[in-house]
Structure formats: structure tokens, C-alpha cells
Amino acid sequence: MKLIWLLFLSSCAPPIVDAQYVPYIELFHQEAASRGLAYDTSGLSIVTVTKLVGPDSTNVVGECLGNSYIQILDSYWKIVDSVSKEELIFHEITHCILGVHNHTTKYPAIMYPYVLPSSIYTSNRKQLLDDMFFHNYPDDLP
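Going by the working numbering, the residue at position 5 of the sequence shown is 5; the numbering climbs one at a time, nothing skipped.
Honestly, the hints are just simulated from the structure, not real lab data.
We treat Cβ as the ideally placed atom computed from N, Cα and C, and that holds for glycine.
Mixed in with the good hints, there may be bad ones.
Ranges between beta-carbon positions, derived for each pair [claimed, not checked]:
(1) P15 x V60: 19 to 27 Å
(2) E26 x P55: 17 to 25 Å
(3) Q20 x K51: 27 to 35 Å
(4) Q127 x Y39: 15 to 23 Å
(5) H135 x T50: 13 to 21 Å
Go ahead and model the full structure; you've got the sequences and the hints to work with.
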């Protein structure tokens with residue numbers, strides 16, 4: 001019931017984006033534009049929570065609920081570097097805005113179900129972002 005109420009509130013309320021996430025949304029747009037793509041994130045909400053409330057929130061640090069509401073686990077956000085933050089926000093935006101609702105077994109990949117080590121993400125960033133933006137995940141998991 002709590003999830004239904006949360007989704008109802010998020011669909012009626014204007015979008016809310018905690019200020020700490022704005023640079024990552026802007027970077028997402030820059031990366032999309034560099035590939036000739038554009039996405040509307042104006043209806044997207046990204047908020048910090050102390051506990052995730054989604055149906056699959058065990059061992060999860062961020063979650064897209066519906067198509068426009070992202071919650072990020074505060075305890076995780078406080079301890080990771082900017083590289084892991086970028087990957088997490090891009091992963092969740094890909095669920096919400098790009099409509100990629102499945103994870104992949106492809107490794108490394110932004111849509112892999114676990115956060116990548118920062119060194120792997122950094123050294124493979126261009127290919128990881130290309131795969132993300134162009135949905136290059138032939139073995140998507142249900």
C-alpha cells in the first residue's frame with residue numbers, strides 16, 4: 001500500500017530533484033547530446049531516502065519506480081565516489097527515461113545489476129555509455 005501511495009503522490013506532484021543530483025542529470029544530457037540524442041527529463045524526480053520502498057529493494061542502492069521517480073539510498077550516496085554516483089544515476093535514468101527495465105548479464109555494463117568498480121567504469125566509460133544509450137544489451141534479463 002505504501003508503494004501505491006508513493007507512486008500516486010509522485011504522479012500528482014511536480015518533479016523534485018535533490019540539488020546533489022543535478023550535475024549528474026546535466027552530464028547525462030551532455031553525453032546523450034554528444035551521441036546525437038536528446039531526452040526529456042523534466043518530469044523526473046530524484047530523491048534521497050533512508051530506506052527504499054520498492055518491491056525489489058533488497059540489496060539495492062537506487063531504484064526507479066514507475067517511469068519518473070528515482071530514489072537513492074542516502075547511506076550509499078554518502079560513502080561512494082563521484083564515479084559510482086554517476087554510474088548509479090545513469091543506471092536509474094536509463095530505467096526511467098530510456099525505458100530499459102531489464103538488467104543484463106553483460107559485464108561490464110551500466111545496466112549490470114550491480115555497481116561496477118570505479119576503475120572498471122572509468123577505463124571503459126565511453127563504451128559503457130555507448131552501450132547504455134544505444135541499448136546494446138543482447139542478453140537482457142527479464
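Exercise. Which of the stated hints cannot be reconciled with the structure, identified by number in ascending sequence?
Worked result: 2, 3 and 5
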